[in-house]
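A.B. asks: Here the protein sequences come in this chain order: A and B. So in our numbering, the last one in the first sequence is 642, and the numbering has no gaps at all. So in our numbering, the last one in the second sequence is 159, and the numbering has no gaps at all.
These are computed hints drawn from the structure, not numbers from a lab. Please note: incorrect hints may appear among the correct ones.
[To be verified] When the alpha-carbon atoms are kept at most 27 Å apart in a straight line, the in silico DSSO-like pairs for lysine-lysine are as follows:
id	chain 1	residue 1	chain 2	residue 2
1	B	K2	A	K232
2	A	K444	A	K390
3	A	K616	A	K626
4	B	K5	A	K254
5	B	K107	A	K232
Since the model is a prediction, treat every value here as computed from it, not as a measurement.
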Amino acid sequence: MSPVTLSAPKQVGKPQPALPGGYAGQILRVDLTKRKAWGEPWKPDEMRDLIGGAGLGAMILYRETRKGKGNVSWDHPDNRLVLGTGPLAGLPVWGTGGLTVVTIGALTNGPTSTQANGFFGTNLKYSGYDAIVIQGQARDWVYLHIDDDRVEIRDAKPYLGKDTWETQDALSRDLGMTGHQLSVYSIGPAGEHLVRWAAIQGDYGHVASKNGVGAVMGKKKLKAVAIVRGTKALRAADPRGVIQAADDIAHDLKTDPSARSLYEYGTLPGVVNLSKMGALPIRNYTTSVTGNVDMKSWEAPRLREGFDHRGHQCNACGMHHCHMSVIRQGPYKGKTVDEPEYEGWSGAGWTIGATDQSAVAWLNTQTDRACVDVNEFGWVIGWVMEGLEKGWLTKQQVGFDLKWGDVAGANRLLQMISRREGFGDLLAEGVKRASEKLGGEAAKAAIYTGKGASPRGHDHRARWEEMLDTATSSTATMETGNPVHQTELGLPARINPFDGVDVAKLVAGCRGRRAFEDSLGICIFTTRTRLENVCRALSAATGWYYTVAEAMRFGRRTAAINRATALRCGLTPDLEQPSYRYGSTPHDGPAAGQAVGAQWEKMVDTWYREVGYDRKTGKPLPQTLKDLGLDWLSKELWGARK
Amino acid sequence: MKVLKITPERCTGCLRCEIACSYMQVGAFQPAKSVIRVSPFEGHTSYAPYTCTQCAEGWCMTACPVGAITINAAGAKDVLDDRCVGCKLCTIACPYGTVFYDPSTRKAFKCNLCGGDPACAHACPTAAIEYEDVPTADWLHDFARERASHVLATNGGGR
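Only chain B is shown next, with the shape it has when bound in the complex:
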């Protein structure tokens, strides 16, 4: 299955992925509605995008009491708007924090891989986000651990 392969070291924090994603989500440029989010590390000196890894466990699917999360043709977990009742259980179940809730529509929303042609991967100017046939992985884990340990070291153990 093709997934979003993220190479955090390449990200420059330009947030173009968020703009492109929001356009696919709501038809306007509105990063607040993006389902890929770029997080800063070490204050302002490094950035990395993260989004749903389309994990095999599919905690969001398991948690949904009304069967509103299904697997679409691209293999992505997708929220069916007409079934979602906005209970937010999926947002709690997701261990990565990549299922969101939109108070204006009262529905959950998440990455659906744009149905097989992800806009974020097209938008990324540094190829930090690629759409490839690789095993699903938590792309951010090692990067976040390494950056966090750096911050702890420079801050004297967080005191």
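So that you can see chain A by itself, here it is in the shape it has in the complex:
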């Protein structure tokens, strides 16, 4: 051990304010038009104000994408693509490889905040950066290569047309690296062809999927971001405190009844559990009963053991969540796939009537490789299948027949969509635009929100809180997230899920936690503990004294900033509606007859009142902004007031 030095260290130049622990201290700025990259230091007070990830991204988007009184569109060179991480990334807290993508997305043409994990955040932080902010558009296809201080914009032509797994294989091979030495986040053919629901995928199975962030990357002609595991040190204000908080969180995840199944099986139990609530989306919402499928074979242990599998965890994570699987039987025997999340079993499975587990697992990885959002994939393909069955779409239109559960056919259509071939060109616009173009019965059968977002892979007619959250969200996916230990915030442990007022109050009450979590560089599954524990980890890392109240206030501040950007993008309250099918009443299953439409207005009114936003204009009220410490935003939204 080195001896303790008692004399004051020599100071060179001006004294710099000490960086909070956990931060690398720089934001990597990249201008693809000018082919330039530079490091931009950020200040400790900005770090406390914006934290990172979702919070940092929201502010960058608000400040830098304005155009007159409106906003730049998703495909404009001035759109920013923020690939952010946060102060916990790279530390020994479970699940801390976090990536938060913030941009103006292609599906809603409004703000997005969408997450993935793997090793992106870890490798980036060890390289000396807390986030990458990309602007401009490259003339020819490029990829970004980061190796500590060496940042290069390189030619990506050899990787064009490759799917995301092939891209990572090829880059690893060409750079002479294996495993987590290199974290690669890339787009597949769908992003290259500007499919409006293209995603960004990395490290074999981690997808930032929402709002067409892959199309934004494609428009910038950026095929991939490849980050070598950096060699720099990350310091924590109280390293033992970080390890202790991490161990306490891990203990909670392993033992708390609300987190234990997630610890053991990830999101696999969702299929059976949600089917019992009527919240498993089956055949494009045409039914809510599982029929003659043996649901015992869909129990989590059997689902996992049906494959040869091995853990494939994100940074420092002990959850038995992400797995690599090998298919044992059937036409796809021997293929290595990423074990589907619940969302995969639903989007590439139940939503399109497919229940052959081996085939669904294969199709799910195909969507990751072509690189689209698996939720929208379900809504698009399910809609086509229903149309062909009912006759409002024809074989001639689509190019071939596609029946419920036809996995090979669904993949054929996926490949057409990814390259905008034939009917795939229309479907590449997403189910909202495609159905509106066709009109009639076709328009009534599509699942989307009025702002154009894809709901996640549930039947939200039996899960109203998420329908409300998704429809009112400024970020094109749920903004508040599901309640986690909400009693900590003084909210009820249980409510009547079909009482619109109670639902709205719960959603409004939980608002804030998600944006906070998504700013830390951590996975939302490893924060399924009391918020107090997460704040402890952050405090130990940074040296701040961070409280639950500050965390909630931070999250609501981020949401208000996103709301201001969304309004500038034209995402106004009149659009806060579910589509006809999305907001319909289930006719069978456990939630039969529960009519969300009948309570919708009341629910939205209550939500607005509770979050302190103006129902008419959608703007956060001046008092709300004042309470959040956003007086500057109040002036911009409402003008100077006495």
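Model the placement of chain B on the given structure of chain A, informed by the hints.
C.D. replies: Chain B only, in chain A's frame:
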């Protein structure tokens, strides 16, 4: 003697051991300075940690010309910083590649079992690394051979 018993099949490649180890080595989270390293096998589909097995032969000790490698209270071969001259002979002598050289300090560094309470074993969430009183062994050998033969088989003999 208690040693690090490694069960490669349990490793998920989360690299938490490297983070914990680096904290013990340099007081910061910096896996580049870790003395336990996780290697990928078959591309990205399986991982296994490896570190000094504290082998009985102690090639590093034998090779060191200045007697800078000694056996500490936990029974681990340990580098004495004030004696090490940074000649790197130990890194060459080690048949497992588990002695490292740090250009910033110009010293060799290796696993010293954290003096008897190894941080990697505490950090591993899947018990792939345990600290137990078992005979020293090359924990990775069979695993690596099996994985390598699998890769050769699937790649058509490496052509």
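A.B. asks: Now look at each hint and say whether the structure bears it out.
C.D. replies: Comparing the hints with the structure gives:
Between K2/B and K232/A, the direct Cα distance comes to roughly 32 Å. Violation of the 27 Å bound is thereby established for this hinted pair. Restraint check for K444/A and K390/A: satisfied, since their Cα atoms lie roughly 13 Å apart, inside the 27 Å limit. Restraint check for K616/A and K626/A: the C-alpha separation of about 20 Å stays at or below 27 Å, so the hint holds. With a CA separation close to 24 Å, the supplied pair K5/B and K254/A stays within the 27 Å bound.
Using a Cα cut-off of 27 Å, the hinted pair K107/B and K232/A holds, with the two alpha carbons roughly 18 Å apart.
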